[in-house]
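*Asks:* Sequences and hints are given; from them, build the entire structure.
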Amino acid sequence: MDADYKVKLEVFEGPLDLLLYLIKKEEVDIYDIPIERITSQYMEYLSLMQLLNLEVAGEFLVMAATLMYIKSRMLLPEDQQVTDTEPEDGEDPRWELIRQLVEYKKFKDAALQLAQREAETSRMFPRRADAELAAKAADVPLAEVSIFDLINAFNTVLKKAQEKEDFREIIEEQFTVSDKIEELLYTLRDRTELVFSEVFAKASSRAEVVVTFLALLELIRLKRLKVQQPEAFGEIHVVKVA
Amino acid sequence: MTLELKNIIEALLFSAERPLTPKELRTILAEAIDPENPGGPEAFRNVREAQIAATLEELKVGYDTEQRSFQLLEIGGGWRLVSRPEFAPWVQSLLDEARPQRLSPPSLETLSIIALRQPISRADIAGIRGVEVDGVVKTLLERDLITIVGKSDAPGRPMLYGTTQKFLEHFGLRSLDDMPRAAELRLQAAALKTAEEKQASQPGPAPAAATTATPHEG
Chain Z
0 MDADYKVKLE VFEGPLDLLL YLIKKEEVDI YDIPIERITS QYMEYLSLMQ LLNLEVAGEF
60 LVMAATLMYI KSRMLLPEDQ QVTDTEPEDG EDPRWELIRQ LVEYKKFKDA ALQLAQREAE
120 TSRMFPRRAD AELAAKAADV PLAEVSIFDL INAFNTVLKK AQEKEDFREI IEEQFTVSDK
180 IEELLYTLRD RTELVFSEVF AKASSRAEVV VTFLALLELI RLKRLKVQQP EAFGEIHVVK
240 VA
Chain W
0 MTLELKNIIE ALLFSAERPL TPKELRTILA EAIDPENPGG PEAFRNVREA QIAATLEELK
60 VGYDTEQRSF QLLEIGGGWR LVSRPEFAPW VQSLLDEARP QRLSPPSLET LSIIALRQPI
120 SRADIAGIRG VEVDGVVKTL LERDLITIVG KSDAPGRPML YGTTQKFLEH FGLRSLDDMP
180 RAAELRLQAA ALKTAEEKQA SQPGPAPAAA TTATPHEG
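So the sequence lines, in the order shown, correspond to chains Z and W. Take 0 as the starting number for the first sequence in numbering that gives the first Met the number 0 and just add one per residue. Take 0 as the starting number for the second sequence in numbering that gives the first Met the number 0 and just add one per residue.
Just so you know, not all the hints are guaranteed correct.
[Said to hold, decoys possible] Derived lysine-lysine pairs resembling BS3-like cross-links, with alpha carbons at most 25 Å apart: (1) K225(Z) with K239(Z); (2) K107(Z) with K165(W); (3) K137(W) with K107(Z); (4) K137(W) with K105(Z); (5) K137(W) with K150(W); (6) K104(Z) with K137(W); (7) K105(Z) with K165(W).
No lab work stands behind these hints: they were computed from the structure.
*Replies:* In structure tokens:
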């Protein structure tokens, strides 16, 4: 057979799964498994898997060995059966396997019912908080503010300052960067963050805006402050570094 | 608007975004204050948990008989309002939610085993399923449906797993007793355990007698 030939074959999770399938297909009693028939079917299936180049997991081979062992023991007359490995004399050699199959089948059935519960439950919706949705959104890491974003924001502030200036008398004032650094830190003494525009709220001239901006840059360089932009293209926030 | 216990609880359920237990509701009733109308909350200060549980049942039945578009569900010990399944197409559209991912058959089998036999080790789960379960267990841990609940005394001290509150919520189960085939499959486990303990404690019959007397919950 061509190795590339693909056959849609029912996938069995494990040897117990395959055995349950064979028991159902052969319509035999799980408590009285005709071991010879089931074993030959099982081996047939394994060789089919190998023929199709399907990887046969080790568990399938272990089960094959178990089945062969049980079969061989059942072929012997009872008085000649080797009982050294079995603690209880006269016990049906199939019993351990049957017990395992019956138990597995119960869990498999329970799993099917659980799948039904899952399907039902997924169609019922509880009330959901905006907070929950907001938390999801907040999981998105804060965008880093580039120097260009800062300059852009600065430009906007500068333009506003210019407009203000046009309608005011010019009062000569002297500002130094270090004055503004102190002022900024003072404003942030009992707050953790400022919106970018707040930083310049009190600045009344272009010169003051420029000096304040330089103070801000210096504080960022000294790692006393950092800038964040919670929303893309939103306002830039100036945050105190703890 | 009449201030009846039923209405108060309904308001709480309506505003809550998580399941509320009768115990929590009792605490809320005991602690609520209204400066404008102190008498209001005080009247419900000493409501008993049993009365709250009965009121929850009453509300649940009420919504069912009135055929409301929502229902009151008991999940993992708490109560919460949920929309009825018939309205799923619209609510799904509102929440802009992709169809939730369903668990695979191996995951469901493994979950059933853990739910009914917890605390259980990976080796014991593999023993029941007949295949190794490492990958499935890892996925279930990641999805927070199971958790490590301890270590076994068996050789190698393997991890023991159990199901989580999220597991109950995912499947809409009131409790583990609500699991399909719970009575039967847990009873078997109890019987096995008792047999093992009997074997382990051969010299003294007293402890074995104590364990056999353990009542079965179902």
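*Asks:* Taking the hints in turn, state whether each one holds.
*Replies:* Structure-based check of each hint:
With a C-alpha separation of about 6 Å, the suggested pair K225(Z) and K239(Z) falls inside the 25 Å cut-off, and the hint holds. For the given pair, K107(Z) sits about 21 Å from K165(W) by alpha-carbon distance, which is consistent with the 25 Å threshold. Distance hint between K137(W) and K107(Z) is fulfilled; the C-alpha atoms sit about 20 Å from each other, no more than 25 Å. For the given pair, K137(W) sits about 23 Å from K105(Z) by alpha-carbon distance, which is consistent with the 25 Å threshold.
Our distance criterion of 25 Å between C-alpha atoms is met by K137(W) and K150(W), whose separation comes to about 17 Å. Using a Cα cut-off of 25 Å, the hinted pair K104(Z) and K137(W) holds, with the two alpha carbons roughly 23 Å apart. With a CA separation close to 24 Å, the supplied pair K105(Z) and K165(W) stays within the 25 Å bound.
Hint compliance for this structure: every hint is met.
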